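Asks: Starting from the two chains in their separate frames, assemble the complex, guided by the hints.
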Amino acid sequence: MEQNDRLVRLRRLIRSGRAVERPEVAPLDPVIRSGDTFLFRDPRKRGTTAEEQEFVEDSLKKGFLVGSFIVEWGYDIKKGCHDKFRRWLLDHERLLAGSAPEDVRYKGTYVTTSSTEKQAGDYRTIWVFESLRGPQNLAEEVAKEGSLFARLWHELNQFRDGDSPHRSQQNYSPAATSVRLV
Amino acid sequence: MFRPEPPRLFTLNVSAWLALELCRGAAPGELERAYLDEMVPPLDAAAARRRLQEALELLVTNGMVERTDAAG
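Residue numbers (this note's numbering), protein chains in the order written: chain A, 6 to 187; chain B, 211 to 282.
Coverage of chain B stretches by chain A, computed from C-beta distances (three or more under 8 angstroms per stretch; other residues unrestricted):
#1 221 to 230
#2 249 to 257
#3 260 to 269
Dumping the calculated SDA-like pairs for lysine to any residue here, alpha-carbon to alpha-carbon at most 25 angstroms:
#4 K83(A) to E248(B)
#5 K83(A) to P252(B)
#6 K84(A) to S119(A)
#7 K89(A) to D166(A)
#8 K67(A) to T54(A)
#9 K84(A) to P251(B)
#10 K123(A) to R213(B)
#11 K83(A) to N162(A)
#12 K84(A) to F220(B)
#13 K84(A) to I19(A)
#14 K123(A) to N272(B)
Computed Cβ-Cβ distance ranges for the label pairs, DEER-style:
#15 R14(A) to R260(B): 19 to 27 angstroms
#16 G68(A) to T221(B): 34 to 42 angstroms
#17 R277(B) to T117(A): 38 to 46 angstroms
#18 E215(B) to E56(A): 53 to 61 angstroms
#19 P216(B) to L100(A): 51 to 59 angstroms
#20 D247(B) to R138(A): 49 to 57 angstroms
Simulated from the structure, these hints should not be mistaken for laboratory data.
Quick caveat, the model's predicted, so the values are computed rather than measured.
All C-beta atoms in this analysis are idealised placements derived from N, C-alpha and C, irrespective of residue type, glycine included.
One chain only, chain B, in its complex shape (with noise of 0.2 angstroms):
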């Protein structure tokens, strides 16, 4: 994945990715819906809420995603 600014390319592992596809746009609560929907199963709903979580930490500490007011 390529952060434009400042410029880096970035490898992510799958479970990172699908947070980032999915967070487009969405607000809180529909990311965590269609997170879920796509993780459980394999793993169970509290799993894939802390997975999210950690994803979402990383990518914004990485400058990839930024919450905006619009997104809730």
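Same shape as in the complex, but just chain A (with noise of 0.2 angstroms):
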């Protein structure tokens, strides 16, 4: 980023009021959690046994199990709109899970009421992917020009605040089925 464009960033952030706040350079100790400990796969296809295929099935039938693939985003939202999000989150968010794509589930957006983690924001929503499929459905539907699901997904992104440097992404998948690598 030039220095041009890193002034104008700044010029918001005083706009929005993030400037009053006293100066803080604070050292920063960079976890690095790369996923090369488990083997990603899906835990209802081949490579799996028949025991463990069943266990998924079940399990997700019983709904103990969240998922096969589970995604977890971690944000901000922009200063002042907790408010606004909730009304939409009440308004909106039956409509996004009722019309998210095929193996793709929304499953609830949340506020971390308590958190060890300082830097991962303080809201959650959660995906589900049911199988590999899913992550491609999703892409394809939000370039979808006049997708329901679409314009609800824009319309709760737009409420992230993308200037905060509170974000974060888990993926997870069971692990009753997992093959740990090292």
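Replies: Shown next, in the form of structure tokens:
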């Protein structure tokens, strides 16, 4: 980013009220969690045992397993927008869930009432992919003109504060059927 | 922000980041004028000067900027 771009961004942050805080400079100790510990695979497809496949199917039916592929977004929303965001969720969250494409499930948006992760953001949105087709279906749907899901997806993301350093994404798969590499 | 020597990553909030951006090659008087141009309002001039001094102390202490003769 060029200095002019940085100044433009800083001016936007100053206008949003973030400049009144006393200056802070803090060392950052990055934590890098790469995805090289567990094999990425669909627990309901070939490569897993029949027992494992049956376990996942049954657990999903019983409802205690959240999904085969879980994606957790962590983020902050734009300053002063909590009430507006809450209203939007009350009005649209069920529509968003109901209009999700095949193999994609919206599992709700949450606030973090407590967390040990300081940089992950105050809000979480959980998505589940039923299969590896899910991410592709999602990408296709959000690009589709006139799609209700696409409109709601974009509206949800408009609340996210792109200038906040607090954001995260976690991907999960069921531990019972996982393959550990190291 | 990455400090190469010794290598370390830092996070800066807005008022510190602005000071860092504006102080590159600037004389103290120029820096103060530029900082006040951006920060007044929302702050008044006295508060903005205090913020700048605090920011510079933090930046110098952490080895991110240094005063040179050329900059006055």
